Amino acid sequence: DGGITQSPKYLFRKEGQNVTLSCEQNLNHDAMYWYRQDPGQGLRLIYYSQIVNDFQKGDIAEGYSVSREKKESFPLTVTSAQKNPTAFYLCASSRYGTANEKLFFGSGTQLSVL
Amino acid sequence: GQQVMQIPQYQHVQEGEDFTTYCNSSTTLSNIQWYKQRPGGHPVFLIQLVKSGEVKKQKRLTFQFGEAKKNSSLHITATQTTDVGTYFCAVSLNAGNMLTFGGGTRLMVKP
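Protein chains in written order, with the numbering used here: chain A, 5 to 118; chain B, 37 to 147.
These are calculated hints, taken from the structure and not from any lab test. Among the hints, erroneous ones may be present.
Said to hold, decoys possible - Using 35 Å as the maximum straight-line C-alpha spacing, the simulated DSBU-like pairs for lysine-lysine come out as follows:
1) A/18 to A/61
2) A/13 to B/87
3) A/13 to B/95
4) A/106 to A/75
5) A/106 to B/92
6) B/146 to A/75
7) B/146 to A/106
8) B/87 to A/61
9) A/106 to A/87
10) B/93 to A/106
11) A/61 to B/95
12) A/13 to B/72
13) A/13 to A/106
14) A/87 to B/92
15) A/74 to B/72
16) A/106 to B/72
17) A/75 to A/87
18) A/18 to B/72
19) A/61 to B/146
20) B/146 to A/74
21) B/87 to B/72
22) A/87 to B/95
23) A/87 to A/13
24) B/95 to A/106
25) A/18 to A/74
26) A/74 to A/87
Quick caveat, the model's predicted, so the values are computed rather than measured.
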């Protein structure tokens with residue numbers, strides 16, 4: 005069953021703590037993305053990667069970090085520098101990483117601050 | 037970054053009524069995509085428009101791309117409760133740019 009798997013579904017972060025959100029895809033897609041969604045708002049791009057071992061900052065990268073060591077995996081770390089981390093985080097992928105391709109989304113991770 | 041405005045932000049309709057959401061840009065677009073996100077779910081791709089004046093239909097959904105390629109609309113005829121969700125447009129200036137998402141229109145349908 006092909007698709008994008010995000011885990012965990014819910015995550016809680018304590019003050020000053022770094023947390024990592026997992027995203028795995030078995031679609032053999034080159035490009036992967038992380039978006040943040042706040043209530044009643046659209047999706048904002050955090051980071052994206054079009055090839056293994058390479059990634060670029062999106063519109064709101066401050067306080068986040070990523071890695072792309074494998075084609076299938078694109079984990080997102082929410083660092084303690086991100087002062088307002090509570091949001092719904094969506095991972096997506098596309099075949100080649102161009103803007104005229106459709107995005108496939110995972111089911112998301114809801115991150116909350118304790 | 038690119039600015040894209042989506043209106044209205046919310047829309048309540050009675051089941052059976054029509055619904056339209058609009059996506060507007062100040063700059064000419066390369067392409068526009070539409071996504072639907074059900075409550076508690078994730079965005080799912082609906083369609084992509086590329087050509088000036090293009091009109092595409094999917095059952096009760098009609099998608100239009102403006103002649104100047106600066107705006108687009110999604111029209112649903114005779115809404116059903118299964119249409120409930122948030123509809124997003126996503127735009128790009130050219131194939132090399134990343135997509136920029138509109139703020140979405142949340143559709144609520146009263147049975």
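Results of checking the hints against the structure:
Taking the CA atoms of residue 18 of chain A and residue 61 of chain A, the gap is about 25 Å. The hint holds against a cut of 35 Å. Proposed proximity of residue 13 of chain A and residue 87 of chain B is contradicted: the alpha carbons are some 38 Å apart, above 35 Å. A hinted pair counts as satisfied when its Cα atoms are at most 35 Å apart, and residue 13 of chain A with residue 95 of chain B qualifies at roughly 33 Å. The straight-line distance between the Cα atoms of residue 106 of chain A and residue 75 of chain A is roughly 18 Å, inside the 35 Å bound, and the hint therefore holds.
A hinted pair counts as satisfied when its Cα atoms are at most 35 Å apart, and residue 106 of chain A with residue 92 of chain B qualifies at roughly 16 Å. For the given pair, residue 146 of chain B sits about 44 Å from residue 75 of chain A by alpha-carbon distance, which is inconsistent with the 35 Å threshold. At roughly 31 Å between alpha-carbon atoms, residue 146 of chain B and residue 106 of chain A fall within 35 Å of each other, so this suggested pair holds. For the hint pairing residue 87 of chain B with residue 61 of chain A, the CA-to-CA distance comes to about 30 Å; that is within 35 Å, so the pair holds.
Note on residue 106 of chain A and residue 87 of chain A: the hinted pairing holds, with a Cα-Cα distance of about 32 Å set against a maximum of 35 Å. Between the alpha carbons of residue 93 of chain B and residue 106 of chain A the distance comes to roughly 18 Å, so the proposed pair stays at or under 35 Å and holds. Of the supplied pair hints, the one linking residue 61 of chain A and residue 95 of chain B is violated, its CA atoms being roughly 38 Å apart against a limit of 35 Å. Of the supplied pair hints, the one linking residue 13 of chain A and residue 72 of chain B holds, its CA atoms being roughly 20 Å apart against a limit of 35 Å.
Between residue 13 of chain A and residue 106 of chain A the alpha-carbon distance is near 23 Å, which keeps this suggested pair within the 35 Å criterion. Straight-line distance between C-alpha atoms of residue 87 of chain A and residue 92 of chain B comes to about 43 Å, which puts the hinted pair past the 35 Å bound. About 30 Å separates the Cα atoms of residue 74 of chain A and residue 72 of chain B, which keeps this hinted pair within 35 Å; it holds. A threshold of 35 Å between alpha carbons decides the hint, and for residue 106 of chain A with residue 72 of chain B the separation of about 13 Å falls inside it, so the pair holds.
For the given pair, residue 75 of chain A sits about 30 Å from residue 87 of chain A by alpha-carbon distance, which is consistent with the 35 Å threshold. Proposed proximity of residue 18 of chain A and residue 72 of chain B is supported: the alpha carbons are some 33 Å apart, at most 35 Å. Annotation: proposed proximity of residue 61 of chain A to residue 146 of chain B is violated, straight-line Cα distance about 41 Å (limit 35 Å). Distance restraint check for residue 146 of chain B and residue 74 of chain A: the Cα-Cα separation of roughly 46 Å exceeds the 35 Å cut-off, and the hinted pair is therefore not satisfied.
Restraint check: the Cα-Cα separation between residue 87 of chain B and residue 72 of chain B comes to about 21 Å, which is no more than 35 Å; the hinted pair holds. The straight-line distance between the Cα atoms of residue 87 of chain A and residue 95 of chain B is roughly 45 Å, outside the 35 Å bound, and the hint therefore fails. As the CA atoms of residue 87 of chain A and residue 13 of chain A are separated by approximately 21 Å, the hinted pair is consistent with the 35 Å bound. Distance check on the hinted pair: residue 95 of chain B and residue 106 of chain A sit about 20 Å apart at the alpha-carbon level, within 35 Å; holds.
Between residue 18 of chain A and residue 74 of chain A the alpha-carbon distance is near 29 Å, which keeps this suggested pair within the 35 Å criterion. Under the criterion of a C-alpha separation no larger than 35 Å, the hint pairing residue 74 of chain A with residue 87 of chain A is consistent with the structure, at around 29 Å.
Hints 2, 6, 11, 14, 19, 20 and 22 from the list above are not met by this structure, while the remaining hints are.
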